[in-house]
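Peer 1: Please build the complete structure, drawing on both the sequences and the hints.
Now for the letters of each chain:
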Amino acid sequence: MYRFVTTLVLALALGFAFAGPQDNSLTVGTSQEPVVLGDLLNVLGSMAIASEVELWNYVGLYRIDLDAELEPELVTEVATVENGRLVITELPDGAQEVEATLTLRDDIVWSDGHPITTDDVAFVYELSQTPGMSLSSPDYYARLGVEVIDEREFVVTWSPAQSSDLVGSPIPVLPAHVMRPVWDDVQSTVAGLDPEVDAARIGEIYRGFFTDFGSPAAINEGRTVYNGPFMPVRWTPGSALRLERNPNYHLHPENQDAYLRSVEYRFITDTNALLFAIVSGAVDVTSSVSITFDQALSPQITARAVDRYDIWFVPSATWEHLDINQFSHLQQVSDLMLDDVRTRRAIIHGIDRQSMSEALFDGLQPVSHANVSPFDFTYNPDVRQYAYDPEQSVAYLEELGWSRGADGIMQRTTEDGRTVRFELEFVTTAGNAVRERQQQFIAEDLRQVGIEVRINNAPASVVFAPDFLSRAYDGAWTGMFMFAWVSSQASVLNAAGYLCRNAPTPENDFAGQNLGGACSPEFDELRDQAVAELDLDLAVPIYQEMQAVFAEELLAIPLIFRSNPFVVTQGVVNYVASTFNQGYGYPPAAPELVGWVQNGAEQVFDQADYGELYE
Amino acid sequence: MQTVAKPRAPAGSETLWRLAWRRLRKHKLAMLSLSVLAILILVAIFAPYLAPHDPVAQPRGAGLRAMYFQPPSQTHWLGTDDLGRDVFSRLLYGSRVSLLVGFLAAFSSVLVGTIMGSIAGFYSGRPLRFYVGPFARQDVDWSFPFVLWRVLSWVLIYAALFFVVQIAWTLAERPVRAGLAGEWSPNALASTIGLVAAVAFAAFAAWRALFSRVRLDLDIVISRLIDFMLTLPGLPILLVLSAILRDPRSGIGQWMYGTFGTASSVVIIVMILVIFGWIPTARLVRAAFLSLREQEFTMAAQALGTSNTKIMFRHLVPNAMAPIIVEGTLQVGIAILVEAGLSFLGFGIQPPVSTWGNMLTNAQTYIFFAPWLAIPPGLMIVITVLSINFLGDGLRDALDPRRKQ
Amino acid sequence: MFNYILRRLGQMLPLLFLASVAIFTLVSLQPGDPLDELRMQNPMMTPEQFEALRRAHGLDQPIHVRYFKWLGRAVNGDLGRSRTYGVPAAEFIFEQRLPRTLVLTITSLTIALLIAIPVGIFTAVRQYSAGDYTITFLSFVGLSTPNFFLGIILLYLFVIFIPETFGVRALPPGGIPDLMWSDVQVGRATAGEFIRQWATHLVLPVFTLATGSMAAWTRFMRASMLEVLNQDYVRTARSKGVSERKVLYKHALRNGLIPIITLVGLSMPALFNGALLTETVFSYPGMGRAIFDSLVGKDYNVAMAALVFIAILVVFFNLVADILYAVVDPRIRYD
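Chains as they are written, first to last, in this note's numbering: chain X, 1 to 615; chain E, 1 to 405; chain F, 1 to 335.
Think of the hints as simulated: they come from the structure by calculation, not from any bench.
Beta carbons are placed, not taken as given, at the ideal position from N, Cα and C, and that holds for glycine.
There may be inaccurate statements among the hints.
[What the hints assert, rightly or not] Reference listing, derived: stretches of chain E covered by chain X, where coverage requires no fewer than 3 residues with Cβ under 8 Å from a Cβ of chain X: (1) 102-108; (2) 367-373.
[Said to hold, decoys possible] Keeping only pairs whose Cα atoms sit at most 25 Å apart, straight-line, the calculated SDA-like set for lysine to any residue is: (3) E:Lys-28 x F:Asn-76; (4) E:Lys-28 x F:Ser-129; (5) F:Lys-69 x E:Ala-200; (6) F:Lys-69 x X:Ser-520; (7) F:Lys-69 x E:Thr-192; (8) F:Lys-69 x X:Pro-195; (9) F:Lys-69 x E:Phe-211; (10) F:Lys-69 x E:Ile-383; (11) F:Lys-69 x E:Ile-193; (12) E:Lys-28 x F:Phe-122; (13) F:Lys-69 x E:Phe-162; (14) E:Lys-28 x F:Ser-239.
Peer 2: Dropping the structure here:
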């Protein structure tokens, strides 16, 4: 009986599973829903899932491939110094200016057949330079210049340039022939408003401009056109988004019909429900924003994997770490001597990060030793590593004058005669189960070396508020703060965190990412050299040296690099993600090449090169 | 419709309670519930002696993965959780906070509700002197608190009027300036009219405030406050309040932490539960007072010159005690449920302190592969609240003299 | 009566004004800023650029100015756009979320009433019978179970346990189907398919939501019927030899239903409120989640549109309940 039942369940599940190859469609399960599509300037905020979905229907000037290399997409070739398209000039103040001359291909058209021209580039540039437009990266667009030469050729200028400018697509492209008439209306409306008084109103109108082309209603009415291999045709908010092949896309393979005809994103916000959708075969693959790590390792998923789907763990550049408050003017900090590197070494030696990675993540989220992902091209494998060593940890503490009290917690007498216990505040985001689990693991480890951890969590909206996060100087948090930096290669190259001058203090009006006020002048000096070095081959050793300094001085305590779990039904090919694919590691590498083996799709990329298979 | 309770001399009240107790004892379900609750409370008090394991201790060593998510076994009666901690022990410790929150919140709600309801009921239709302008002819009342309040109320009312003008100016400034500069537009006209109206209103009000006297019916104030509170959707507002109170950067958040330390999380939850929790009791007490105050013993006390406060809390409240107790009991259940709901949404009491609510939330993450984690805390909530509701029902019957067994 | 209604309507306005002020203040007082995340993601932004961004979101102005600006537009019928979604707040609330929530809440209200009224009458008529005790016990259990716990258990049972053990088709684990009534109209799907899909998606949340009110109303109906059945006029009717059936339906039921009508009237606003916990468990994109997300995300326009709308409903239905009360019960007069 039992066997019969299992067979039945399997048959049902397989019935679902084969729906994909039958009509050459792919169902992607995700736990987040984009709010709009096509907000390529991130005026409404940036959302991982929106960027991921947009990979199917928008392409840029360049494409960032699985190995984080640039490839031409809409342009004829990538601008480099070698091919003469990239010109670097020295500015009088010592900074550098970079000019890239780019030529659009002549076979590219929007989904309605209208050619893609430099006018589309100029249009986006015009939008980005509009005062009152709430761009999420105004700093970048402030340095950017675009000059159209003719219908195909244009020049992009960065002034002053940063090395991070050269690792991505310079500017997105939007259909000017569709959007400009509406934009003109918007501008005439805005012209009647007072930019001082009505700034909020103007911001709202500008955001509305993007919504009116990218909201579910707009997409269902087909208000705009796309240049990617697919185009969204139907969006039921809270349920699903369906994309169909864009026949006018220029890079479709010869035998188009062997590859996907349609893609459907299923939005299932509860990850448990999503887990079940995977098990039941209702979704074919998962997006980068889907089930949690714990769930991907759960027996419900793994036990049913054989012959049905593969579970991949793709390393991401999301770096979990502990920022430590090192503002020594604070009583709590100076009592615990957190600004002394030996204290930080005592803490890191007291945490069994390897066991944590194995126990909680089956070793699939590797321990990190510095702030840069092993998959980044600037990664330095030879930095100082701190193994789990409680004795060493205690030795450091004793060297600093601590000794165990009756309750097993370290205590010491300060110069002014007070007795202080080693009681360390530990803050992280409440409600993030995976993170809270790590937090409790760490707390237990530290208790054993005599450090008592006092957990003080609050929801993300509270702890990520600048008047909390950036106010370590005022003692908003006094001990450790656990969170993650998500980095693209560009942000790694910025390396703006952990600079002395980026510590949020009253002098800089509490701006800056160096939240705990860590400071190593050597690190700062190296960074300034590295950023100014536009020849990346020469810059790499400097970046590597920075990581060595980081680990030596323990500017923050590195914990792990996260991995993203992906479930991919067997038979699906080229649905591949990597650490830096398309900038942030979202799948797929080449949307036009995703397909089912059953229908003749050919495998070009192998996920095994970029991730680990669960077995 | 009917009278709520017959007035009784305080000396006779002891027999009333004894009578109620005798009636309650006949109510089998209520007695069963009472014993269940008693056991739960004892368990909560003696949790450290009863728990087989340390509720926060995590296993260490090799093979950690196998020690997580263990199904129930002989060593771990209810299995282990996501960090290998003993669920049974956590459940016992969790009952401490959950019950504490439940009882504390119910007690505070009933206390606040009784005070508000008493005031509303007692002073209904008897407006109190609320505002006396600086130049108003007035009865001689030089009692210190009232003089203080008089001065304070002047400050408040003139500050409010100033604020009105200020808001009007902030809103109208730009168009009016533009208008004065000669750029007339409908907007400028409307702004000017609005500004003039606001200033005229403020001036008139300021003039009137010099001489007028206002008496205020506290019943109307409290009843309107209740009406107002009921227009707000409860749960979302509670969530927002919880975030505000817990904000370590705000003054109130710092004060909470400074005053209550690690217990502040419990105090915050209790405060939040009281914000809407006092309303049912207040309505109930108000209704009871409206009839009680018309009765002879109240009149007699007033004739003897007993102070209002004394009449309210010495004579009237004891007579309205029966429904208050029933309401209080039910509030315990409601508080436990709401706390669990808040925890479920991530706004309740934070780990490592375990409560049934946050254990359930944590378990929900793993429901599909470790369902045994969700059942115990969920069942504990159901059992506790069920017992409380049965007890409340039994008490209602026992304390209500109209009900005959 | 007319004067009474007028007076009540007059009282509504200041109440609503205060409610909107309170809601706006609470939303603003929340820690955090919707732009924090942006600032975190982009460390290269200069303070001036960040300030410009705050201005574009209207966050640079003091709260009372923002409130009155909102009020000025709202009374002209312009509720602004959602900051998160970009779409007009009114469209988001009234076209997207409200219909879905109503489908969920009205279904469960109807089911709860259809069960609670007859069951309540039954238990009152058969007071102290075994059936009465069982139902009373069950309704107490219903009242004491947190509905999100019930939801989690139901999910586990009907999505994992039962399908795996007995090999039956699992119910969908949440969300809503990708099938709208417009699809049926254009012939993309049959009405049967539409109903089947929505029914399978709705059954668990509706049941979860209905349990609590069902339990409460059964208890209430029982108490109300018992009270009526013990009244003199019912006894008189009985002693005059009127048949038991007639006594029950002609005399008792009419009066016994009055409190229920009030109760249902007062719970009407909750229908529009959505059911935050149930919606969360079942990933149902309704009003409850919309309000929650807008509060947490400081999406002022959406939060204000939704909450003020609900405040209006509360006040309105309070009035309706009072008027209905007077219509049903001739003993009550307002003036």
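Peer 1: Which constraints among the numbered hints does this structure fail? Numbers only, ascending.
Peer 2: When the structure is compared with the hints, numbers 1, 3, 6, 9, 10, 14 turn out to be violated.
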